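**Q** Listed in order, the protein sequences are those of chains A and B. Following numbering that gives the first Met the number 0, the numbering of the first sequence begins with 0 at its first residue and continues without gaps. Following numbering that gives the first Met the number 0, the numbering of the second sequence begins with 0 at its first residue and continues without gaps.
Keep in mind the hints are simulated off the structure, nothing from the lab. On a predicted model such as this, the values are computed, not experimentally measured, just so you know. One should not assume that every hint holds.
Straight-line C-alpha distance at most 20 Å; calculated DMTMM-like pairs for lysine to aspartate or glutamate [claimed, not checked]:
id	chain 1	residue 1	chain 2	residue 2
1	A	K115	A	D104
2	B	K177	A	E95
3	B	K177	A	D8
4	B	K177	B	E243
5	B	K177	A	D104
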Amino acid sequence: MLLTLDLNDPRPLHEQVAAAIRRAIGAGDVAPGDRLPPARDLAHALGVNANTVLRSLRDLRDEGLLEFRRGRGVSVLRRPDGREALRTRARDLLDEAARYGLTTDDVVALIKDVIKDLGEDPGDDSGKEMA
Amino acid sequence: MTDPHDRSVTGFRTRFLLAVSAWAVLVAAVLVAVPLAFADRLPDPLATHWGPSGRPDGSMPFAAFVLVLVVLWVVVAGVGAGVGARARTLVRRTPRAWYCAGLAWAGGLMVVTQAFTIAANLDRGDWTRAAGMSWQVVVIVAAPIALGALGRLAGLRGPDVPPAPPRTRPRIDLDPGKRPVWVSTTTAPWAAWLAIVALAAAVALAGTALSGLFPGGWRAVVPLAVVGVVGTVLSSVSVRVVPEALTVSVGPLRWPSRRVRLDRVERAWVEERYPAQVGGWGYRGLPGRATIMIRGGECLVVRYTSGGRLAISVDDAEAGAALLNALIARQRPSVER
Numbered sequence: 000m001l002l003t004l005d006l007n008d009p010r011p012l013h014e015q016v017a018a019a020i021r022r023a024i025g026a027g028d029v030a031p032g033d034r035l036p037p038a039r040d041l042a043h044a045l046g047v048n049a050n051t052v053l054r055s056l057r058d059l060r061d062e063g064l065l066e067f068r069r070g071r072g073v074s075v076l077r078r079p080d081g082r083e084a085l086r087t088r089a090r091d092l093l094d095e096a097a098r099y100g101l102t103t104d105d106v107v108a109l110i111k112d113v114i115k116d117l118g119e120d121p122g123d124d125s126g127k128e129m130a
Numbered sequence: 000m001t002d003p004h005d006r007s008v009t010g011f012r013t014r015f016l017l018a019v020s021a022w023a024v025l026v027a028a029v030l031v032a033v034p035l036a037f038a039d040r041l042p043d044p045l046a047t048h049w050g051p052s053g054r055p056d057g058s059m060p061f062a063a064f065v066l067v068l069v070v071l072w073v074v075v076a077g078v079g080a081g082v083g084a085r086a087r088t089l090v091r092r093t094p095r096a097w098y099c100a101g102l103a104w105a106g107g108l109m110v111v112t113q114a115f116t117i118a119a120n121l122d123r124g125d126w127t128r129a130a131g132m133s134w135q136v137v138v139i140v141a142a143p144i145a146l147g148a149l150g151r152l153a154g155l156r157g158p159d160v161p162p163a164p165p166r167t168r169p170r171i172d173l174d175p176g177k178r179p180v181w182v183s184t185t186t187a188p189w190a191a192w193l194a195i196v197a198l199a200a201a202v203a204l205a206g207t208a209l210s211g212l213f214p215g216g217w218r219a220v221v222p223l224a225v226v227g228v229v230g231t232v233l234s235s236v237s238v239r240v241v242p243e244a245l246t247v248s249v250g251p252l253r254w255p256s257r258r259v260r261l262d263r264v265e266r267a268w269v270e271e272r273y274p275a276q277v278g279g280w281g282y283r284g285l286p287g288r289a290t291i292m293i294r295g296g297e298c299l300v301v302r303y304t305s306g307g308r309l310a311i312s313v314d315d316a317e318a319g320a321a322l323l324n325a326l327i328a329r330q331r332p333s334v335e336r
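Extracted from the complex, chain A is given alone in its bound form (with noise of 0.2 Å):
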């Protein structure tokens, strides 16, 4: 499984594994039925303590994306939904843009940008997608 760590994020740690977890789920790097490599794996490869990553599991857990189950192991149960997987990236969008100096007010105006650019173009094809 392929997991990426962004190391300027400043939530807690435990946080920051379980948003690269769930990213990975839903980039499709791992698809529901598929088991995790086992937690002291995954804290030896992300340089975390193991009990970091049985936190982030748990919570992965609670969020009903994952499923432990004894012998076999941790298994991905399903992918999040939309809102939960854009809830991520916009997290990941907000920490990029104040790497440029942009606070969250101008990630908004920026959005309504696009989106006034996107009004702006009636019969175009992302028009029909948007239809």
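Mind docking chain B on chain A? Use the hints.
**A** Chain B in isolation, oriented as in the chain A frame:
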């Protein structure tokens, strides 16, 4: 795999199982019919073992002689057919041909052994007066091998599915603010169970030997313990790729473990490898050209700058190879790939 392809495989599996069953029933019928046909001309017990001198030195009751061979054959044919009919084995020519060869050889060996045993005992009043074995040994060795070769030829017929096309390359985020890692673990539950059974047997035997109940037990303790330990170590493999190094570790304790700095890795790719190609399960081949074979299929292959290479059977190897290559390219931009 596409749908029409699956249908042709299903049809082939039916024909394959029919042919294997026909062979199994034929051999079983011979193993039962031949001794029964000669039952009134055979001594009971009859000679079933011959010493190096060619004289009979062991006997078995008639019923046991018939039953042992039939039961042994049913087990061998059942396991052989079951393993051979698995989708992965069935559609690939090399392993299928070897399974067919094995089944033909085993059936031939049993029929020929039984035939010569009966011939030697025929019309002798007592097993100790059974005829000797001399040239018959050559036939008992050679005839099953010839049958096995025929079986292998039969197994070569049929489809040979090329390995599945590589999946789309995963996107690798090599942003300096990101730390990409790849983790993959493969386990073979049957190896773990084999190891547990062997270790339990070793402990039980050592216990009975210590208590003086079965002093001869010591001889089996060491081989069983070795099987147990080796089985445990080779029941799982874990591969980790981090921006600094590649780590391969085996066994539930993740030991032994090998860590290779990425500047010593030249390139990584994915290959389909099967136990039939590399010579079985476990650590196969010599260091420098080795395969760590836990299960057949997708393997991550790594070539070192020293020229050696290592293949490890792990899932999701495509992503691991892509990350390794991306990290190597970032570390050594001059190397053209």
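**Q** Compare the distance between the alpha carbons of K177 of chain B and E243 of chain B with 20 Å, and conclude whether the hinted pair is satisfied.
**A** Since the Cα atoms of K177 of chain B and E243 of chain B sit roughly 13 Å apart, the hinted pair holds (cutoff 20 Å).
**Q** Given the proposed pairing of K177 of chain B with D8 of chain A, does the C-alpha separation stay at or below 20 Å?
**A** holds, 10 Å
**Q** Within 20 Å, alpha carbon to alpha carbon, are K177 of chain B and D104 of chain A?
**A** violated, 25 Å
**Q** Starting from K177 of chain B, check that the Cα of E95 of chain A is at most 20 Å away, please.
**A** holds, 12 Å
**Q** Hint check: K115 of chain A vs D104 of chain A, CA-CA at most 20 Å. Holds or violated?
**A** holds, 16 Å
Checked against the numbered hints above, the structure breaks only hint 5 and satisfies the rest.
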